[in-house]
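Engineer: Sequence:
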Amino acid sequence: MTERQHWKHARKILCIRLDNMGDVLMTTPAMRALKTAVPGRSITLLASPAGVALAPHMPFVDSTITYNAPWLKNADNCPMADEQTLQALRAGHFDAAVIFTVYSQSPLPAALLCRLAGIPMTLAYCRENPIGYCQTGCLRPSPSWLRGMKCNANWIWLRRCRLFLPIPA
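The opening residue of the sequence shown carries number 1410 in the numbering used here; numbering runs sequentially from there.
To be clear, the hints were calculated from the coordinates, so they are not data collected in a lab. Treat the hints with care, as some may be off.
[What the hints assert, rightly or not] DEER-style ranges, computed between Cβ atoms:
1) PRO1448 <-> ALA1490: 30 to 36 Å
2) LYS1417 <-> PRO1479: 30 to 36 Å
3) HIS1415 <-> ASN1486: 21 to 27 Å
4) MET1489 <-> VAL1447: 17 to 23 Å
5) ALA1446 <-> LEU1481: 16 to 22 Å
6) PRO1488 <-> ALA1446: 33 to 39 Å
7) HIS1418 <-> ARG1499: 16 to 22 Å
8) GLY1449 <-> LYS1482: 34 to 40 Å
9) VAL1511 <-> ASN1486: 20 to 26 Å
10) VAL1511 <-> PRO1458: 16 to 22 Å
All residues carry an ideal CB built from backbone N, CA and C; glycine is no exception.
Input sequences plus hints: build the corresponding full structure.
Structural biologist: In C-alpha cells form, the structure reads like this:
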C-alpha cells in the first residue's frame, strides 16, 4: 500500500496547531479539506486555549484537545499538563496527525508527542532532519517563499482554498 493509500484509509486525524488563534484560522481550509477528503473521517484539533476557542465556528472539527505547549511563547511549563495531553492523545487512537506550523517553527516537538502517543502516521513541513520523528514523512525543505495558508494548503494537495468561518447571526 502506498503512503497516499494509507492516508486515504486514515479515519481519525489529529490536526495540530499550537500557536495563536489567527494561525488556527489560517489553517481552516486545510483542516476542512482533510475532513471532506474521506467520508466518515473525524478531525480532532490539538491547539492552545486561544485556538480551541475557534472550534465552535469550525463545523468540520469534531473534537478538541487543549494544550499549552511548553516550547511556544507564553506557554505554561507544567509537566503534568504534558502527561495529561499525552494520555488524551493515546486515548484518541488516532490514525494520523498533521502538524501545522509557520516557517519559523519546528514541528519536531509535536512530532515527538505524536510518536510517544503511538500515532502511526505524521505529516509536517520540517527544516531539520526529522530522522525517526515523522513516521510517514516530513516534507523537506520548507520553502521560504511558501507562507501561511498557502503552505498549509499546498502540502495536502489543495489548489483552491478559502477561509471558512461561519459567523452566527
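Engineer: Taking the hints in turn, state whether each one holds.
Structural biologist: Checked hints:
no., hint, verdict
1, PRO1448 <-> ALA1490: 30 to 36 Å, "holds, 35 Å"
2, LYS1417 <-> PRO1479: 30 to 36 Å, "holds, 34 Å"
3, HIS1415 <-> ASN1486: 21 to 27 Å, "violated, 35 Å"
4, MET1489 <-> VAL1447: 17 to 23 Å, "violated, 35 Å"
5, ALA1446 <-> LEU1481: 16 to 22 Å, "violated, 28 Å"
6, PRO1488 <-> ALA1446: 33 to 39 Å, "holds, 36 Å"
7, HIS1418 <-> ARG1499: 16 to 22 Å, "holds, 20 Å"
8, GLY1449 <-> LYS1482: 34 to 40 Å, "holds, 37 Å"
9, VAL1511 <-> ASN1486: 20 to 26 Å, "holds, 22 Å"
10, VAL1511 <-> PRO1458: 16 to 22 Å, "holds, 19 Å"
This entry does not satisfy hints 3, 4 and 5, going by the numbered hints stated previously.
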